[in-house]
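In case you want the letters, here they are:
There are 4 protein chains.
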Amino acid sequence: MSADMTETQGSWLTPDEMQQARDRVPVVYVDAVPVRVDDRGLVTEIGLLLAATDDGMLRRMFVSGRGRKGERIRDALMRHLEKDLGPLALPRIPATPQPFTVVEYFPDPGVTGFVDERQHAVSLAYVVPVAGECRPSQQALEIAWLTPLEAFSPDVLVELSGGRDRLLRMAMAHCGVLP
Amino acid sequence: MSADMTETQGSWLTPDEMQQARDRVPVVYVDAVPVRVDDRGLVTEIGLLLAATDDGMLRRMFVSGRGRKGERIRDALMRHLEKDLGPLALPRIPATPQPFTVVEYFPDPGVTGFVDERQHAVSLAYVVPVAGECRPSQQALEIAWLTPLEAFSPDVLVELSGGRDRLLRMAMAHCGVLP
Amino acid sequence: MSADMTETQGSWLTPDEMQQARDRVPVVYVDAVPVRVDDRGLVTEIGLLLAATDDGMLRRMFVSGRGRKGERIRDALMRHLEKDLGPLALPRIPATPQPFTVVEYFPDPGVTGFVDERQHAVSLAYVVPVAGECRPSQQALEIAWLTPLEAFSPDVLVELSGGRDRLLRMAMAHCGVLP
Amino acid sequence: MSADMTETQGSWLTPDEMQQARDRVPVVYVDAVPVRVDDRGLVTEIGLLLAATDDGMLRRMFVSGRGRKGERIRDALMRHLEKDLGPLALPRIPATPQPFTVVEYFPDPGVTGFVDERQHAVSLAYVVPVAGECRPSQQALEIAWLTPLEAFSPDVLVELSGGRDRLLRMAMAHCGVLP
Chain C
1 MSADMTETQG
11 SWLTPDEMQQ
21 ARDRVPVVYV
31 DAVPVRVDDR
41 GLVTEIGLLL
51 AATDDGMLRR
61 MFVSGRGRKG
71 ERIRDALMRH
81 LEKDLGPLAL
91 PRIPATPQPF
101 TVVEYFPDPG
111 VTGFVDERQH
121 AVSLAYVVPV
131 AGECRPSQQA
141 LEIAWLTPLE
151 AFSPDVLVEL
161 SGGRDRLLRM
171 AMAHCGVLP
Chain Z
180 MSADMTETQG
190 SWLTPDEMQQ
200 ARDRVPVVYV
210 DAVPVRVDDR
220 GLVTEIGLLL
230 AATDDGMLRR
240 MFVSGRGRKG
250 ERIRDALMRH
260 LEKDLGPLAL
270 PRIPATPQPF
280 TVVEYFPDPG
290 VTGFVDERQH
300 AVSLAYVVPV
310 AGECRPSQQA
320 LEIAWLTPLE
330 AFSPDVLVEL
340 SGGRDRLLRM
350 AMAHCGVLP
Chain R
359 MSADMTETQG
369 SWLTPDEMQQ
379 ARDRVPVVYV
389 DAVPVRVDDR
399 GLVTEIGLLL
409 AATDDGMLRR
419 MFVSGRGRKG
429 ERIRDALMRH
439 LEKDLGPLAL
449 PRIPATPQPF
459 TVVEYFPDPG
469 VTGFVDERQH
479 AVSLAYVVPV
489 AGECRPSQQA
499 LEIAWLTPLE
509 AFSPDVLVEL
519 SGGRDRLLRM
529 AMAHCGVLP
Chain L
538 MSADMTETQG
548 SWLTPDEMQQ
558 ARDRVPVVYV
568 DAVPVRVDDR
578 GLVTEIGLLL
588 AATDDGMLRR
598 MFVSGRGRKG
608 ERIRDALMRH
618 LEKDLGPLAL
628 PRIPATPQPF
638 TVVEYFPDPG
648 VTGFVDERQH
658 AVSLAYVVPV
668 AGECRPSQQA
678 LEIAWLTPLE
688 AFSPDVLVEL
698 SGGRDRLLRM
708 AMAHCGVLP
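These protein sequences, in sequence, are chains C, Z, R and L.
Each residue of the first sequence is one higher than the last, beginning at 1 in my numbering.
Each residue of the second sequence is one higher than the last, beginning at 180 in my numbering.
Each residue of the third sequence is one higher than the last, beginning at 359 in my numbering.
Each residue of the fourth sequence is one higher than the last, beginning at 538 in my numbering.
Here chain C stands alone, though its shape is the one from the complex (with noise of 0.2 Å):
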């Protein structure tokens, strides 16, 4: 993202080029809510990002970005993974591509309640178990492990910005253990 070119398919696009698709098409993405289960596949704590934005404040989040051109959904969830989690997370991507929502992120708060400033961006959302050992890189600080009550707690809630306190929400609602 503060890179200064962005990689489509073996070739690069400078960021005027990315800003030009983006002016003219939805982008795709894709959301991933890292998550712990036990054996029986429950889930027992969710994985939060602390991670910079570009304006230098910290903020928590989840795994996210962009889908490249010619790269399947599979291949950018685990891109997304491997940058934010390491490369020893042990993801578990789901083996069916539905997800368990479509967030519709626009730069207006008022449309759907998900923003990003930068575009129009409609993501595919996922949970996904992670099995290994967890190592933020690039921008994210850390990894914060939460069961879903203490994610639930409104400090936590109140980190979550753009709408991923109901992203949390939505996910759990998926597995069954909202609170």
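Derived from the structure by calculation, the hints contain no laboratory data.
Any given hint might turn out to be false.
Below, computed lysine to aspartate or glutamate pairings styled on EDC-like, alpha-carbon distance capped at 20 Å [said to hold, decoys possible]:
no.: 1; chain 1: C; residue 1: K83; chain 2: C; residue 2: E142
no.: 2; chain 1: R; residue 1: K441; chain 2: Z; residue 2: D218
no.: 3; chain 1: Z; residue 1: K262; chain 2: Z; residue 2: D233
no.: 4; chain 1: L; residue 1: K620; chain 2: C; residue 2: D38
no.: 5; chain 1: L; residue 1: K620; chain 2: C; residue 2: D39
no.: 6; chain 1: L; residue 1: K620; chain 2: L; residue 2: E670
no.: 7; chain 1: C; residue 1: K83; chain 2: C; residue 2: D54
no.: 8; chain 1: Z; residue 1: K262; chain 2: Z; residue 2: E312
no.: 9; chain 1: C; residue 1: K83; chain 2: C; residue 2: E133
no.: 10; chain 1: Z; residue 1: K262; chain 2: R; residue 2: D397
no.: 11; chain 1: L; residue 1: K620; chain 2: L; residue 2: D591
no.: 12; chain 1: R; residue 1: K441; chain 2: R; residue 2: E500
no.: 13; chain 1: R; residue 1: K441; chain 2: Z; residue 2: D217
no.: 14; chain 1: C; residue 1: K83; chain 2: L; residue 2: D576
no.: 15; chain 1: Z; residue 1: K262; chain 2: Z; residue 2: E321
no.: 16; chain 1: L; residue 1: K620; chain 2: L; residue 2: E679
no.: 17; chain 1: R; residue 1: K441; chain 2: R; residue 2: E491
no.: 18; chain 1: R; residue 1: K441; chain 2: R; residue 2: D412
no.: 19; chain 1: Z; residue 1: K262; chain 2: R; residue 2: D396
no.: 20; chain 1: C; residue 1: K83; chain 2: L; residue 2: D575
The structure presented is a predicted model; accordingly, all values stated were derived computationally and were not measured.
Use these hints to put chains Z, R and L onto chain C, whose structure you have.
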């Protein structure tokens, strides 16, 4: 599609501008499989459009089209359903944004088996019950309503090119009426 | 429920016979959250029944009931929707049998938080748009239509006991209209 | 199944007691389609059990079994997966309770095409990636791992009786790997 200009949020894209976007990012699409249902929601018939393609061939297809910048998925679905089935079709777009699958179209048939020669498209696929009268418009010449059994005859499946026969089977599998 | 006999596939179960079954196996249930939707399928209102329980208390609830032996899930949904909303409600039962969640009710509130004092019930939960006129019948005294925002007010949530407040939030999360 | 007694929450049901329950109510079941997935979650192989039925016939089947009173769906899945695949199979039960479909088995093949001669069963169906070593136990003689293409050969499909060929196709449709 055959128009010289493409509308996006009130403004228009020239074919060149749209082509540039296609060269850079995957394009957001929606697919809608129109069905007739009985009182209990059980699928009784599937609507197959007969349409002329750009190269003058006749082909069976479902309702399908691009999502515009600034347009919600529901509105893209509604727009394409109206465009292809006419204003009296009374489509019942599902209450959930969760698609039954995500179809990834590539120019290369070897990637997913879903083919779009023009672009890499990421399509959210929905089954949409239609309650009213359908009058195919624009490119679509007619709409044929077939029972699941009829739709799965080899004669029909062969007319569903580019992976659309598989989309049909996936839609019917989702509805529990796979013959 | 208050009837002395329970119908099963044309024949009837005495309360003792039904109780014996409950003592031995989990009971198949369906839950239907009635909603009003706009032209694009977006949920605008949620239907909450006000009903008298066996102990004479008033309680908010959704449409809910047992699946009978020999009865398909769609037919159980239809029967309970008609029973609770009247014959003119015009429910639009989803084309897919895939429920948005499975609710596991136990007499012990500690297992899942979903409580049914009488039995262990495994309930398939659906959001059901309702297009017609609702006339609550039998136990239900009235049906109130609330916007998602109204339904999520503390006053309303507190009246949804036994985990039904959570079912409401899960249903609205699934529909993308969680406030 | 061949045991003289059926366990339910610590106690046991005699065959007569279980039969009485089957005569009165639909029985809660789970179906699990075991799969191997690659790093990105894509299904590469499907696990088909070869088992002897009560009448001494050999038949291909998936993991399937009854949910007990007091037992959560996740626990029923785990129990049947362990019973059929052995204790080292390391099944990854999905984080969501949402099944990919609900299968309604009836003694009469004419109702849904899914047949269980013994009972009306309502089965929650899941695709379950399996990471470990499978050692079929009890009734299951072996487990064969087939690619989707191999599994869809007429030779294999014909061995999947009672609608199980359709369940296979529905599972693969859900995972986006329908040949």
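Does the structure keep R:K441 and Z:D218 at a Cα separation of 20 Å or less? With Cα atoms ~15 Å apart, R:K441 and Z:D218 stay inside 20 Å; holds.
CA of C:K83 to CA of C:D54, is that 20 Å or under? OK: C:K83 and C:D54 at ~17 Å, within 20 Å.
CA of L:K620 to CA of L:D591, is that 20 Å or under? holds, 17 Å
Would the hint linking C:K83 and C:E133 be met if the CA-CA limit is 20 Å? Within the cut-off at roughly 13 Å; holds.
Hey, R:K441 versus Z:D217, does the alpha-carbon distance stay inside 20 Å? Cα-Cα ~19 Å, so holds.
Sort out whether R:D412 lies within 20 Å of R:K441, counting only the CA atoms. With Cα atoms ~17 Å apart, R:K441 and R:D412 stay inside 20 Å; holds.
Next pair to validate is Z:K262 with R:D397; report whether the Cα-Cα distance is within 20 Å. holds, 15 Å
20 Å limit on alpha-carbon distance, applied to hinted pair L:K620 and L:E679: holds, 13 Å
Within 20 Å, alpha carbon to alpha carbon, are C:K83 and L:D575? Holds - the C-alpha atoms of L:D575 and C:K83 are around 19 Å apart, at most 20 Å.
Satisfaction of hint between L:E670 and L:K620, Cα-Cα up to 20 Å: It holds: about 13 Å lies between the C-alpha atoms, which stays within 20 Å.
Taking 20 Å as the top limit, are the C-alpha atoms of Z:K262 and Z:D233 close enough? Holds, because 17 Å separates the two Cα atoms, which is no more than 20 Å.
Checking one constraint from the list: CA of C:K83 to CA of L:D576, max 20 Å. Satisfied? holds, 15 Å
In summary, this structure violates none of the numbered hints.
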